[in-house]
Amino acid sequence: MNNPLRKLSGFAAVLLIALLINLTYVQVFNANALRQKPGNSRTVLSEYDRQRGPITVGAKSIATSTPTQGQFSYVRTYPEGSLYAHTTGYYSLLYGASGLERVENSILSGTDDRLLVDRLSQLLAGQAPKGGSVQTTLLPDAQRTALRELKGRRGAVLAIDPSTGAILAMVSSPTFDPNQLASPNVATEREAWSKLQNDEDSPLLNRSIAQVYPPGSTFKLVTAAAALSTGKYTKKTLIYGPASLKLPLSNNRLPNQNGKACGTNNKTTLENAIRISCNTALANLGLVIGNDVIADQAEKFGFNQSFDIPLFSATSVYPRDIDRPQTALSAIGQFDVRSTVLQMALVAAGIGNQGVVMKPYLVAQTRGPDLAVLDATTPTVFSQAVSANVAAQLRDMMVTVVNRGTGRRAAIPGIQVAGKTGTAQQGNGKPPHAWFVSFAPAKNPKVAVAVIIEDGDGSTEISGGRLAAPIARAVMEAVLNQ
Amino acid sequence: MTNPVTVAPTNIKQRRFAELFLLVLTIVISTAGYIAASLGYTNAMPTDLWLVVGACSVLFLTAHLAIRKFAPYADPLLLPLAAFLNLIGLVLIHRLDLADAARAERAGRAIPRADAIAQLTWTAVGIILFVAVLVLLRDHRILQRFTYTALVLGVTLLVLPLLPFIGTSINGARLWLRVGPLSFQPAEMAKLCLIVFLAGYLVVKRDALATARSRVLGVDLPRGRDLGPLLIAWVASMGVLVFQRDLGTALLFFGLFILLLYVATERRSWLLLGSILFVAGAGLAYFAFGHVQQRFDVWLHPFSDPNGTAFQIVQSLFGLAAGGVLGTGLGLGNPQFVPFAKTDFIMATAGEELGLAGLVVILMIYAVLAQRGFRIAVSARDAFGTLLAGGLSIVIVLQVFIVVGGVTRLIPLTGLTTPFLSYGGSSLVANWIIIALLVRISDGARKPAPPVRPSRDEALTQVVQL
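Protein chains in written order, with the numbering used here: chain X, 1 to 482; chain E, 1 to 466.
Hint data in this document are derived by calculation from the structure and do not stem from the laboratory. Some hints here could point you the wrong way.
[As the list claims (entries may be wrong)] Pairs of lysine-lysine residues, derived as DSSO-like cross-links and limited to a Cα-Cα distance of at most 30 angstroms, are as follows: (1) X:K7 x E:K13; (2) E:K447 x X:K7; (3) X:K7 x E:K205; (4) X:K359 x X:K443; (5) X:K300 x X:K446; (6) E:K69 x E:K447.
With the hints as constraints, model all of the structure from the sequences given.
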């Protein structure tokens, strides 16, 4: 019986070696992949145990990790809470992260490959691991002004530097307090979360980049740009603008808001049509130049793609392959045209920047825990949307809108402002959205801004000028007073 | 190991001081672990340190003295190795107690009774039975008289949990007995009984099983009358275990049957037959039982349902990955995230906080324990002792492989306790009896031969036994 026993003894050794090889695989070679698996609560907890890097505006932290007593070593706090909520996002044990907390997590947590050397030196020095920092492009005054002027109404403001693409203000209203979602107290966190989820106004939604709206009359700028770019039009060209336009292939008529023709003999200049936001003139212009020309122009401004700022923006849409009545409606920003607030800010910024649209960005630079710069954003051109000449004509039209047209409330004493109002019909009897896009100073602008107020109370073109223009003015002033 | 025939007993190395030294080392290491777990988790010294260290010292010193008195020639490694595993288990359970207490405190519930103290109590019961076996069972061959008693007792123990009133279903498997406040898992004791039966039965029948046979489909099979009792025992235990949904124990018993038959008969055809039966049985179980199928699917694709059916194994893997090579350190990981961390998944706890390094140590201790067991089997002076020691060693090896392989996803997960480490009285007590039996057999093998040395010729063993 000894021979089988000796063999069994060898068999036992084989089983042991199998266990050891498998354990080496699980604990050494596969360990990193297992740690990265979604739902690994140990990884989340270990992130709570290290000092996460700050998110800053200038030199000031808008998200920071502070040492605390209790279950975790650090607690994430947002000193100005709701003001930067949609930029920082939240960092929650139960609900994950959003905003920059999510997209810049590898830098903030210190797990980025570029921080490997830092991690090793921290390990060797016996220091607790630390994360790097993310510096945003936001201006505190512009941000504060935008939130104040929105007055808690559902809406959004996005301001941009036309010459660089740096985002100066990004505010979505109503906002929320990310501190409550980063609470180490699970009950507090859960309660805050369910309150936010059940809120009809969806405070967690970033209305400036993550939501699309019909752009309404603000889109007329794109249609006008398309027409001017064909070379067959100037701002003085007379175009057809009756009291109501019979749509082709149907018996429906598209009326002007005030029921009047846009000029004598149903004719008006392109400039005047923009100034008074004439629906029939721009719809007919769209029919004349054709949908493909408008679509090409819209895409040069950034429609039909999304932006990675590095927060991910929703895709603004300009439809292709539509029939002629749909083209007429699309030319004035209705039908299936959809735009983010960011996208309309880019249209304004491109016009102000001599036709050059700059790629928008929210992160100025990222730094390692030792403050060495890892990555600094350099402004890059997104596209030459229109020629400098066309841009200048569009600018002049927008100046008349503010000086003598629907956008008077955006005027700033001593500084020339260029703007365009918009009132986007939603259908279903819902009140229209109030829009305003603008830039200032009109020549060599320092700021371009887009504003939306959801479900503005009026049903006329006036609501864009009345509700949204004052907000745009206040934000532009805040930037220009820097 | 050569046994001098005519020399006085004093010349034979008993190595009892080596045993004592290793025991002291074991207690020192585990005391350090016990303190480290508390310091790591709560930054405070354990309040019951001296009670635990004192009790353990007294218990293992008693066991050591019992060996000195009643089995002075026993293998000196058995007791320290088992004690080491027992105490590391106690440290891990203590560490999980701290997490349970903290969780209860956070939720505002009363702090639960420390399981480490309960495990210590069961250790005491185990040591008392260990000593009792040494005192009462002066010669292991006495057990051979109880061959069929052991069979009846073993099968009865297996059937008991299926009876109403005393049988209880815990976590979907009906393998517990509940008497008043105590619950008891009889499969652990049944395991011992079946080893005794198999050793006793095979000693008598092994020649018949090895030689007289009929050929069926090209495979040599023993005669029906020799195979009968074996088949009954096998079918009864398999059937009952399948009915109780205790796959781990079923696998353990199956392996034990086949390997012990191979040892007794020295015929490889048993291994072949066993492999065929295993594949057929596993295939049948896969298609017949939803829970077997589910276990298998979870093994293949754990991350297809990480929060549902695969939750346990996925959490176990996360724990092992968190531990890495050196572990997080005692009290510094989160082994409490793994379900059944104190029982079936105690190795995941060890892997997380002690790392691959700690698991290698623990597995090597099991390996050394099993190798000492096989060595005792080889050196035993009688065939019954050989088969008994061989059976006990096989059971240690298989049980460790099935449970550790399961929690590390080498093989599908089946519920089993990890010998000596897992929380649970029945398992701990049964394993201490296994060690006592090995101590007894090794003492018999190494002590100076009686004046007339029995022949070691295996063919004559049966005559001696009669």
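Results for each hint:
no., hint, in the structure
1, X:K7 x E:K13, "28 angstroms, holds"
2, E:K447 x X:K7, "26 angstroms, holds"
3, X:K7 x E:K205, "22 angstroms, holds"
4, X:K359 x X:K443, "20 angstroms, holds"
5, X:K300 x X:K446, "22 angstroms, holds"
6, E:K69 x E:K447, "13 angstroms, holds"
In this structure, every one of the numbered hints holds.
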